[in-house]
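Heads up: the sequence lines are chains A and B, in that order.
Read in order, the letters of the first sequence correspond to residues 0 to 260 in numbering that gives the first Met the number 0.
Read in order, the letters of the second sequence correspond to residues 0 to 462 in numbering that gives the first Met the number 0.
Simulated from the structure, these hints should not be mistaken for laboratory data.
Among these hints, one or two may not hold up.
Stated by the list, open to error - Between beta-carbon pairs, the in silico distance windows are:
| # | chain 1 | residue 1 | chain 2 | residue 2 | range |
| --- | --- | --- | --- | --- | --- |
| 1 | B | I396 | A | A149 | 37 to 43 Å |
| 2 | B | G361 | A | A29 | 28 to 34 Å |
| 3 | B | F333 | A | S33 | 27 to 33 Å |
| 4 | A | A149 | B | W448 | 53 to 59 Å |
| 5 | A | L95 | B | I445 | 39 to 45 Å |
| 6 | A | D211 | B | I445 | 55 to 61 Å |
| 7 | A | E231 | B | F333 | 54 to 60 Å |
| 8 | B | T403 | A | G173 | 20 to 26 Å |
| 9 | B | F333 | A | A161 | 44 to 50 Å |
| 10 | A | L98 | B | K392 | 48 to 54 Å |
| 11 | A | R247 | B | V11 | 23 to 29 Å |
| 12 | A | E231 | B | M341 | 54 to 60 Å |
| 13 | B | I433 | A | H45 | 27 to 33 Å |
| 14 | A | K82 | B | F333 | 43 to 49 Å |
As the list claims (entries may be wrong) - Computed from the model, here is a short list of chain A residues facing chain B with C-beta under 10 Å:
| # | residue |
| --- | --- |
| 15 | W93 |
| 16 | L103 |
| 17 | G109 |
| 18 | P130 |
Unchecked claim - From chain B, some residues computed to sit far from chain A (all C-beta separations above 10 Å):
| # | residue |
| --- | --- |
| 19 | I89 |
| 20 | P175 |
| 21 | E314 |
Here a beta-carbon is modelled for each residue, glycine too, at the ideal position from N, C-alpha and C.
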Amino acid sequence: MSDTLDTPRPAAGPFGGNSTTGEAVLVTHAVQRSFQIGGRSLEVLHGIDMQLLAGERLGLVGASGAGKSTLLHHIGLLDRPTKGTVTIEGTDAWALGALARASLRNKKIGFVFQQFHLLPELSALENVILPGMIAFSGFGARKEKRKLKAKATDLLTSFGLAERLGHRPAQLSGGEKQRVAIARALILDPPILIADEPTGNLDSETSATILDLIFAEQERRTLSLLLVTHDEEVTARCDRVLRMRDGRIEDDLADSIDSDA
Amino acid sequence: MYRTFLSWRYLVARPTNLIGITGIFVAVGALILILSIMTGFLDEARSGIRGSLSDLLIAPVGLPRLAHDGREIPRSPERLMAILDADPRIEAAAPHLTWAGMVTLTGDDAARSEVYLASSQNSDLTLVKFVGIDFDAEYQATNLREALEREPSKTRSGRLRGKRVADADDPFASPPEYERHGAPDPVVLFGEQLYSRLGLMRGDIVQLATGVPDPVSGQVVMNNAFFCVGGTFRSGENEMDLDRVYVEREELADLIGDKREYSEVLVKLHDYDKDGPALRDDLRHNLALMGLARGYPSEVRTWEEFRGPLLGAIENERTLMGVMLSLVLVVAGFCVFAILSMMVTEKRRDIGILTAIGATRGGVLQMFLLVAFWDALIGTILGTAAGVFLAFKIDPIERWLSSTMGVEIFNRDVYLFDHIPARVDSLAVTLIVIGAFASTLLFAAIPAWNAARTDPIEALRYE
Numbered sequence: 000m001s002d003t004l005d006t007p008r009p010a011a012g013p014f015g016g017n018s019t020t021g022e023a024v025l026v027t028h029a030v031q032r033s034f035q036i037g038g039r040s041l042e043v044l045h046g047i048d049m050q051l052l053a054g055e056r057l058g059l060v061g062a063s064g065a066g067k068s069t070l071l072h073h074i075g076l077l078d079r080p081t082k083g084t085v086t087i088e089g090t091d092a093w094a095l096g097a098l099a100r101a102s103l104r105n106k107k108i109g110f111v112f113q114q115f116h117l118l119p120e121l122s123a124l125e126n127v128i129l130p131g132m133i134a135f136s137g138f139g140a141r142k143e144k145r146k147l148k149a150k151a152t153d154l155l156t157s158f159g160l161a162e163r164l165g166h167r168p169a170q171l172s173g174g175e176k177q178r179v180a181i182a183r184a185l186i187l188d189p190p191i192l193i194a195d196e197p198t199g200n201l202d203s204e205t206s207a208t209i210l211d212l213i214f215a216e217q218e219r220r221t222l223s224l225l226l227v228t229h230d231e232e233v234t235a236r237c238d239r240v241l242r243m244r245d246g247r248i249e250d251d252l253a254d255s256i257d258s259d260a
Numbered sequence: 000m001y002r003t004f005l006s007w008r009y010l011v012a013r014p015t016n017l018i019g020i021t022g023i024f025v026a027v028g029a030l031i032l033i034l035s036i037m038t039g040f041l042d043e044a045r046s047g048i049r050g051s052l053s054d055l056l057i058a059p060v061g062l063p064r065l066a067h068d069g070r071e072i073p074r075s076p077e078r079l080m081a082i083l084d085a086d087p088r089i090e091a092a093a094p095h096l097t098w099a100g101m102v103t104l105t106g107d108d109a110a111r112s113e114v115y116l117a118s119s120q121n122s123d124l125t126l127v128k129f130v131g132i133d134f135d136a137e138y139q140a141t142n143l144r145e146a147l148e149r150e151p152s153k154t155r156s157g158r159l160r161g162k163r164v165a166d167a168d169d170p171f172a173s174p175p176e177y178e179r180h181g182a183p184d185p186v187v188l189f190g191e192q193l194y195s196r197l198g199l200m201r202g203d204i205v206q207l208a209t210g211v212p213d214p215v216s217g218q219v220v221m222n223n224a225f226f227c228v229g230g231t232f233r234s235g236e237n238e239m240d241l242d243r244v245y246v247e248r249e250e251l252a253d254l255i256g257d258k259r260e261y262s263e264v265l266v267k268l269h270d271y272d273k274d275g276p277a278l279r280d281d282l283r284h285n286l287a288l289m290g291l292a293r294g295y296p297s298e299v300r301t302w303e304e305f306r307g308p309l310l311g312a313i314e315n316e317r318t319l320m321g322v323m324l325s326l327v328l329v330v331a332g333f334c335v336f337a338i339l340s341m342m343v344t345e346k347r348r349d350i351g352i353l354t355a356i357g358a359t360r361g362g363v364l365q366m367f368l369l370v371a372f373w374d375a376l377i378g379t380i381l382g383t384a385a386g387v388f389l390a391f392k393i394d395p396i397e398r399w400l401s402s403t404m405g406v407e408i409f410n411r412d413v414y415l416f417d418h419i420p421a422r423v424d425s426l427a428v429t430l431i432v433i434g435a436f437a438s439t440l441l442f443a444a445i446p447a448w449n450a451a452r453t454d455p456i457e458a459l460r461y462e
């Protein structure tokens with residue numbers, strides 16, 4: 000249990016932070032999703048095959064309605080595919096029971112949303128430790144909570160929010176909220192970070208600092224980052240970019256890896 | 000951990016929860032208070048019903064008749080009393096001779112008799128039940144002494160001021176107010192209500208009259224005798240205080256021409272709860288064997304069997320009251336249901352977020368149930384405390400309220416008690432507490448279930 004609370008795992012790749020080890024952390028195989036609307040079946044995802052490699056920055060772009068969000072929900076284990084499998088670190092997530100899957104979501108995946116999605120009743124610090132509280136719900140929870148608080152305080156301090164620990168989300172600016180959300184996503188040191196247009200609700204200056212923070216953390220922790228974005232400048236900073244259209248992945252812009260090497 | 004933490008946060012952050020807590024508080028408090036008063040009333044009524052009944056009642060059927068072996072069942076209670084006295088389980092036994100008759104105030108005044116005959120109303124002739132007792136045995140076996148010494152109640156007329164009888168150690172002694180003419184009249188004691196209804200005074204002369212079948216002619220003949228009013232008793236049992244008069248057993252036997260010396264024996268046990276039914280069965284068996292009874296089971300009864308239907312009715316009433324009042328708890332449950340439903344709708348996004356960061360459906364369900372649990376916990380603790388406190392203090396509170404507002408809330412004259420009776424029954428309190436939790440959690444289960452079923456994708460989609 001306690002290993003998830005340790006400091007970030009050392010970089011696994013031989014090429015430093017900005018490289019991949021080539022090992023797939025998350026694999027979707029022939030993921031298909033259809034919805035029943037008024038007796039008709041509407042297929043939103045037409046068999047998606049994709050991989051998120053360890054330590055890579057993967058961009059996901061596409062027009063709205065292309066199925067980005069739906070794919071993200073499948074990757075984040077929030078939605079069950081009609082067909083196909085989602086495998087995280089070799090485990091077929093939908094073959095697991097609900098409890099084990101929730102635990103996988105809790106420990107392996109960090110979410111950063113466009114709308115921040117912080118709980119309004121909780122302070123910044125409490126929002127950050129929430130995934131930890133979900134992870135440690137049994138005996139010894141009190142001790143874990145103390146550890147979590149110390150860790151969350153360090154994390155928020157390193158994000159420049161030392162003065163904001165006790166503030167409610169309503170008292171924070173957009174950039175501060177997103178930094179709290181990032182800290183929450185990283186508190187259990189997950190190998191995967193999913194960011195769904197994390198700067199969509201921010202002005203350009205704040206956006207830049209948030210993106211810098213995300214990329215810096217990705218590099219420091221060798222995270223596998225999946226970043227949904229509209230911004231071409233952002234995709235330029237990714238190792239790989241997937242482009243979606245009409246529920247399919249159109250092409251794999253894998254050139255940036257080659258250019259790095 | 001997060002379930003407890005978040006549920007408490009939600010509770011504190013939402014003042015609407017106070018409504019739910021208040022609802023449970025009021026329901027639990029009112030239920031405890033009202034049921035305690037009901038229990039108190041029933042206890043008083045129960046002891047009233049039991050009244051002078053003692054623990055066991057032996058009433059040989061149709062005395063004197065033949066026992067199963069052809070022997071005549073004795074008219075006098077001596078043999079029966081000797082057997083009862085010998086039983087170590089029995090504390091005391093008192094023979095009764097009961098007979099129906101009339102009381103008339105005509106006394107020895109010829110002029111009053113004239114007036115009575117001319118009157119179209121015959122309210123001067125009152126049907127009563129004569130009960131002939133041996134007062135020392137009666138004192139030991141029943142609460143008669145208590146009834147004779149009980150504080151006179153504050154009735155409208157001032158008649159009952161002072162002692163009920165001149166000397167409780169000898170209640171059948173002639174009272175000091177008695178003006179004797181010739182040979183002393185025997186003494187009769189009236190039930191308090193009958194006494195005040197007839198407008199009697201201690202020392203008055205009354206006539207007791209009754210019909211007695213004559214074994215020779217086969218006709219019913221009237222016997223009558225003058226008695227002196229020695230005082231009153233107050234059993235607390237309406238019926239008894241209204242139609243019963245006590246005389247000495249010998250005097251009554253005399254009045255009815257010695258046809259009978261006793262009609263029943265009241266038996267008091269050392270430990271009724273332990274020995275009651277067993278002793279009853281023994282007596283049924285033994286008395287029939289000894290020719291002291293004919294052997295019908297109904298000849299020896301416990302007081303509960305004797306008053307069975309009435310006690311059953313009172314129990315029913317209490318149960319019915321409890322069931323009806325429990326509806327208040329259901330209303331409180333509705334309250335929690337409404338508040339929690341609102342909260343679940345309001346917290347849809349939070350539910351989505353929690354699911355996304357690893358909470359399970361079960362966890363979400365438990366979290367909202369916990370909110371209801373806190374409601375129930377706080378409401379029940381406060382409600383129980385208030386209910387129990389009020390139940391213990393209801394009498395002074397009512398007095399204070401009555402005097403402050405100038406309105407009499409509890410009219411003590413209507414009932415036979417001079418205080419508001421209340422008894423906190425711990426079992427009832429436990430059941431109310433369990434009921435409050437059950438009702439709250441049951442109603443909360445519906446919105447909590449809805450919360451657990453919330454689709455995280457839908458919940459997270461838009462603001």
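Here's how the hints hold up against the structure:
no., hint, verdict
1, B:I396 x A:A149: 37 to 43 Å, "violated (54 Å)"
2, B:G361 x A:A29: 28 to 34 Å, "holds (31 Å)"
3, B:F333 x A:S33: 27 to 33 Å, "violated (41 Å)"
4, A:A149 x B:W448: 53 to 59 Å, "violated (37 Å)"
5, A:L95 x B:I445: 39 to 45 Å, "violated (29 Å)"
6, A:D211 x B:I445: 55 to 61 Å, "violated (48 Å)"
7, A:E231 x B:F333: 54 to 60 Å, "holds (57 Å)"
8, B:T403 x A:G173: 20 to 26 Å, "violated (60 Å)"
9, B:F333 x A:A161: 44 to 50 Å, "holds (47 Å)"
10, A:L98 x B:K392: 48 to 54 Å, "holds (52 Å)"
11, A:R247 x B:V11: 23 to 29 Å, "violated (49 Å)"
12, A:E231 x B:M341: 54 to 60 Å, "violated (45 Å)"
13, B:I433 x A:H45: 27 to 33 Å, "violated (56 Å)"
14, A:K82 x B:F333: 43 to 49 Å, "holds (45 Å)"
15, W93, "violated (15 Å)"
16, L103, "holds (8 Å)"
17, G109, "holds (8 Å)"
18, P130, "holds (5 Å)"
19, I89, "holds (62 Å)"
20, P175, "holds (82 Å)"
21, E314, "holds (48 Å)"
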